[in-house]
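**Q** Sequence:
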Amino acid sequence: EIGVRLVGSEMCIRDSFSNDLFFKYLLSRDTLESIKLRKFIVKSVTHLDCQQMIVKNPEINQNTVLAKNIILDICAVDEKGRIIDIEMQMAGNSNSESTRFQFYGARLLVEQIDTGEKYHQLRPVYQIIFINEDDDRLIKDYAFRDDQGELEKENLNYRYFIKMKHIDKIIKEKGIEGLNDLERLCYLFIKNEYTAIMKEREEDIVEMVIKMYDKFRSNEPIWSLANQLALAKLRTCLLYTSPSPRDGLLS
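Going by this note's numbering, the first residue of the sequence shown is number 2, and it counts up by one from there.
For the record, the hints were derived by calculation from the structure and aren't laboratory data. Nothing false has been slipped in among the hints.
Below are the SDA-like pairs computed for lysine to any residue, each with C-alpha atoms no more than 20 Å apart in a straight line: (1) Lys166 <-> Ala92; (2) Lys40 <-> Val78; (3) Lys37 <-> Met209; (4) Lys44 <-> Arg30; (5) Lys37 <-> Met54; (6) Lys175 <-> Ala197; (7) Lys57 <-> Cys76.
Using the sequences and the hints, build the whole thing.
**A** Structural data, given as structure tokens:
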């Protein structure tokens with residue numbers, strides 16, 4: 002049974018645009034495509050028009066990727082010092098994950114200054130989380146607001162969840178041909194299919210992702226690492242889901 006599941010895991014990664022290692026590769030490169038995709042996602046979700054973003058954690062290496070509980074996020078700083086963190090979370094938003102998102106946002110804030118430095122040096126943190134969930138809208142944002150919904154003065158924490166499964170409701174409302182570019186991107190990530198959403202135009206967002214995925218697959222060291230990561234995750238899953246020898250037995 003384990004052998005069959007391992008084969009299934011490998012097949013899944015071969016067709017998965019939402020693979021977190023690919024997502025890291027997609028948005029952390031210093032290429033024109035990666036830069037354009039970062040700017041597009043940030044502007045579409047947060048409405049920030051960043052002129053420049055420097056990725057603080059672009060490295061992809063075996064020791065880092067295979068470390069236990071590693072988060073393959075993309076953390077960038079724009080020209081105004083604002084921190085922008087983007088990640089893919091296909092496991093959904095469990096209680097522990099929800100807590101982690103909040104903790105991670107607070108940590109990105111705290112790490113900006115050392116003891117004795119002035120608080121006015123702090124810059125806002127924007128978290129963008131593509132998540133395998135549905136809701137009443139595609140983007141759900143959180144920030145510190147009062148009971149009338151007014152944003153706190155000098156608010157420093159912003160969190161945006163892109164509920165990718167909501168794409169099915171959007172398609173029912175306006176058809177697949179009516180999807181905008183962010184919705185098409187979510188469709189690609191959640192469906193792992195692109196034939197129905199292709200557009201004949203230059204520098205198309207979806208086409209960029211597909212071309213970068215081809216480069217990702219042809220990069221043997223990174224592709225091998227992606228398969229090792231998938232295997233490690235499968236082993237962890239089996240560890241927590243396999244029944245004990247006594248399960249199902251009456252005592």
